[in-house]
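Visitor: Residue numbers (the numbering used here), protein chains in the order written: chain W, 357 to 606; chain X, -6 to 486; chain A, 73 to 286.
In case anyone wonders, no lab produced these hints; they're calculated from the structure. Some hints here could point you the wrong way.
Unchecked claim - Label-pair restraints from in silico Cβ distances:
{"hint": "1", "chain 1": "W", "residue 1": "561", "chain 2": "X", "residue 2": "453", "range": "30 to 40 angstroms"}
{"hint": "2", "chain 1": "X", "residue 1": "437", "chain 2": "W", "residue 2": "458", "range": "36 to 46 angstroms"}
{"hint": "3", "chain 1": "A", "residue 1": "107", "chain 2": "X", "residue 2": "176", "range": "46 to 56 angstroms"}
{"hint": "4", "chain 1": "X", "residue 1": "446", "chain 2": "W", "residue 2": "493", "range": "25 to 35 angstroms"}
{"hint": "5", "chain 1": "X", "residue 1": "93", "chain 2": "W", "residue 2": "398", "range": "52 to 62 angstroms"}
{"hint": "6", "chain 1": "X", "residue 1": "430", "chain 2": "A", "residue 2": "107", "range": "54 to 64 angstroms"}
{"hint": "7", "chain 1": "X", "residue 1": "447", "chain 2": "W", "residue 2": "413", "range": "47 to 57 angstroms"}
{"hint": "8", "chain 1": "A", "residue 1": "92", "chain 2": "W", "residue 2": "529", "range": "22 to 32 angstroms"}
{"hint": "9", "chain 1": "W", "residue 1": "464", "chain 2": "A", "residue 2": "94", "range": "18 to 28 angstroms"}
{"hint": "10", "chain 1": "W", "residue 1": "565", "chain 2": "X", "residue 2": "38", "range": "27 to 37 angstroms"}
{"hint": "11", "chain 1": "A", "residue 1": "84", "chain 2": "X", "residue 2": "430", "range": "50 to 60 angstroms"}
{"hint": "12", "chain 1": "W", "residue 1": "514", "chain 2": "X", "residue 2": "41", "range": "19 to 29 angstroms"}
{"hint": "13", "chain 1": "X", "residue 1": "77", "chain 2": "W", "residue 2": "510", "range": "47 to 57 angstroms"}
Quick caveat: nothing in here was measured; it's all calculated off a predicted structure. Where a beta carbon is used, it is the ideal one built from N, C-alpha and C, also for glycine.
Now for the letters of each chain:
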Amino acid sequence: MTSRPSVALFATCINDTMFPGTAIATVRLLERLGCTVTFPEAQTCCGQMLTNTGYIAQAEPVVRTFVRAFEGADYVVGPSGSCVGSARHQHPMIASKVGDEGLRRASETLNQRVFELSEFLVDVLGVTDVGAWFPHRVTFHPTCHSIRVAGVGDRPQRLLREVGGIDLVDLPDADQCCGFGGTFSVKNPDVSVSMGSDKARSAVSTGAEYLVAGDNSCLMHIGGLLSRSKSPVTPIHLAEILASTREDPR
Amino acid sequence: MTRLTPAPDLPAFLGMPPFPEAAPAGLANATQRANLTHATRTIRTKRAVRASEVSNWDDLRTAGMQIRNRALRNLDQYLVQAEQAMTEAGVTVHWARDADEANRIVVDLVRAKQADEVIKIKSMVTQEIDLNEALEAAGVAAWETDLAELIVQLGHDRPSHILVPAIHRNRTEVRDIFRAEMGQWGRPAPDDLTDDPAVLAEAARLHLREKFLRAKVAISGGNFIVAETGTLVIVESEGNGRMCLTLPETLISVVGIEKIVPTFADLEVMLRLLPRSSTGERMNPYTSFITGVTSGDGPQERHVVLLDNGRTNVLADEVGRAALRCIRCSACLNVCPVYERVGGHAYGSVYPGPIGAILTPQLRGLDSPVDRALPFASSLCGACNDVCPVRIPISDILVHLRGKVVEHKTATHPTPESIAFAAVASTMASSRRLGLVQRGSELVGRALGLVGRRRLPRLPWPASLWLRDRDLAAPAKQTFRDWWRQRERGERP
Amino acid sequence: MSGSRARDEILARVRRSLGDVPAGDEVVVDWTYAQPTPLHSVLDTFEENILDYGASLSRVSPDDVGRAVAAALRGMGAGSVVIPADLPAGWLQGWDDLPVVVDSGDLSARDLDAIDAVVTGSLVSGAETGTICLDHGAGQGRRAISLVPDRHVCVVTARSVVSDIPEAVAVLEASVRQGRPVTWISGGSATSDIELSRVEGVHGPRQLHVVLVV
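All chains should be built: construct the whole structure from the sequences, respecting the hints.
Guide: Right, here's the structure in full:
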């Protein structure tokens, strides 16, 4: 990358409202790596909460808002495998379902420029060492939608391995779902909590100070269980570790 | 009424509560949890190894998907072709629109042979139609001969897995069931029965052998029917299938209309996918291919009952029809974190797990709360999609069916949930409204003293569903949107 | 007749359900059929996989088949054996002292249950999965004789072993088109129904010995 890539930040509604620190960290990280970051204020959400609860027709205006907000962007980057995965995988499907061919085409065209944060860093900027410093013991949960919908592969681990001072330890049964599942967490709370408790136990068993993931929705669920059981593991988003430096530590 | 077999009295799954209410019992059953964790972990590791041995596994899965799609998209022609091939080879073909019709056909055929008992090969479809119950009502004892089905039947129990119906039982439980029950229904278990699986298998061999040797009628399902040759394919492990397919005079096979593959050559794909996905073996011990009636070898009278029972409803759904590709391998159950914890019974259907959650509500429709709950019995983690040998997009179909459930529930009047989600949709369609809601909830939060707290206190429903077991971070003091605006105005870097 | 009404109705439902599918829709299957699977050695792979199933195997020259079969029967502890009427002469030698029952098709299941072992040939085998395929034609006998006795000695000629299932299916197609039953055997009978723990030997022959003629 020679010129300064222009990135439109897709903050996601959950980060915007509940975890602004993650979106701020994403801005700082991308700017540090030489990107020009904008925040198209017309953006709202990927609509996944509606779609995955069965309100598919109701998600269509949200898809339209997403496409309009980001249409002019060179790159759209979001710190969430789940929300990015939803845009790429579900938006064209929703447009087809409501019979809007134009929206489907627009969505598919836009989606070629929509990246999850670790994908953008590794594939577009071509970096794995982002100059981060985080001298803590950390364990990584890959999150289902990052792996299986967005398809980020091992990019987050490649980025984490290059972080200065980090002690990255394997999470047992890392590929197992944490049980969040959007409204699954309240429609089937017993199963959701059972799955999340196993994940929380795995995290505690590593002796890590931080449980890192690329999705704050999963971390909100696992973190809620860790907090309730007064466990010493703190959930943290990947962007916040990558944004942390020796000069400006988190 | 004196019972002919140890199966439970009620038709399967009648009166079951919906999944969210049935799940806690499964979660709380520590023995079942331990049995399932052990079994599913074992089998999914084996599956992964066997799949990785095939260099072009993903191409094979694509071919499997395409072969099943080809069959389904031309199903009427292939059914007629299969019927003709079977008829010419000496098989009597029957058609059944629903469970009752299939059961009537089978009962009449068994009565015509003046048999008071039948031996059965493990078959999902005969469970689906409650055939054993129909036979028993007609005075015919139906003996399950698959080891796991025998454990379930002798245990007055219900199957909880497609492939290993007694997966919820451990060896000690099996020993106790055999000791208590075998003697009441045939040859008793040996006095020195232990809980060694080999010893238990030997007891099953001895118990069932007399039934194999005397039976006049056998009943099977079918893994595949080849349209061009009319060949019925039965995949098994123990040899009980071969016994049923070979020794009795009459063989009645009940087969779903979706089980067709177009050509015999297609089996090279299906029969490499199935055992590796299912039991995690390179090949299952025995596969039988029966084409018509062979003089002097095997049953001299054969019937095939082609069953609809809701399958054409599934076929009519352009998204949902992919579920009919299923070859009943159960790989999706074995990787499912929900199934692993809750077990099969909570799904209220003979088809549990991810495939059950998409197949059952399509086969039975959405009129009962049990069936409406099934598409939501998943965290949408997607592990099932990756292992499906015929690439059924299970997560996408779950989401599609959730949409149909919402349509069904809101067809006449809105529900509290639909009103709430209409508000969410309206908020999320416009950044201005989202901003207002963020501002509004911040004000409410401040008024309630929530903002700035480390975590939220007790709150009413629906927040209580979350907060019963989990904390929730309190809303941030400033949204990202506000932070950005402030930065843009140069107020703070 | 109600049967034909059900048939017509189901076919009509199928056609209605497929209303969106263009007539004559042919889904392309991206697959080349009947291809060999590359293996370092077909016979070695076959042997490894047979052994992996817990079955046994001996490699012999054509002249030694009869002795190998008899040795296998003795090794399994068989006291009696049934053979198909057309088992090649010489495939059972040195067995004169004990009963050999030649199946003429009239042995009942109970008769067969009283016999310890069976010797048959086979049509084709797939190495990659260790699968032996019988079409119950020449030298293989009807299905019941290779099922009810508890020990099965199966003669497999080296030239009948192909790499994998696709080639085997191609060979078997002719048998199926003649209406012959086909049985695939991959090791002895087995179950994993109790705690997914594999147990070799349930209802089918609990012991399988393969005599591989090279």
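Visitor: Please go over all the hints and tell whether each is borne out by the structure.
Guide: Results for each hint:
no. : hint                               : in the structure
1   : W:561 to X:453: 30 to 40 angstroms : holds (35 angstroms)
2   : X:437 to W:458: 36 to 46 angstroms : holds (39 angstroms)
3   : A:107 to X:176: 46 to 56 angstroms : holds (53 angstroms)
4   : X:446 to W:493: 25 to 35 angstroms : holds (28 angstroms)
5   : X:93 to W:398: 52 to 62 angstroms  : holds (57 angstroms)
6   : X:430 to A:107: 54 to 64 angstroms : holds (60 angstroms)
7   : X:447 to W:413: 47 to 57 angstroms : violated (39 angstroms)
8   : A:92 to W:529: 22 to 32 angstroms  : violated (42 angstroms)
9   : W:464 to A:94: 18 to 28 angstroms  : holds (23 angstroms)
10  : W:565 to X:38: 27 to 37 angstroms  : holds (31 angstroms)
11  : A:84 to X:430: 50 to 60 angstroms  : holds (52 angstroms)
12  : W:514 to X:41: 19 to 29 angstroms  : holds (23 angstroms)
13  : X:77 to W:510: 47 to 57 angstroms  : holds (53 angstroms)
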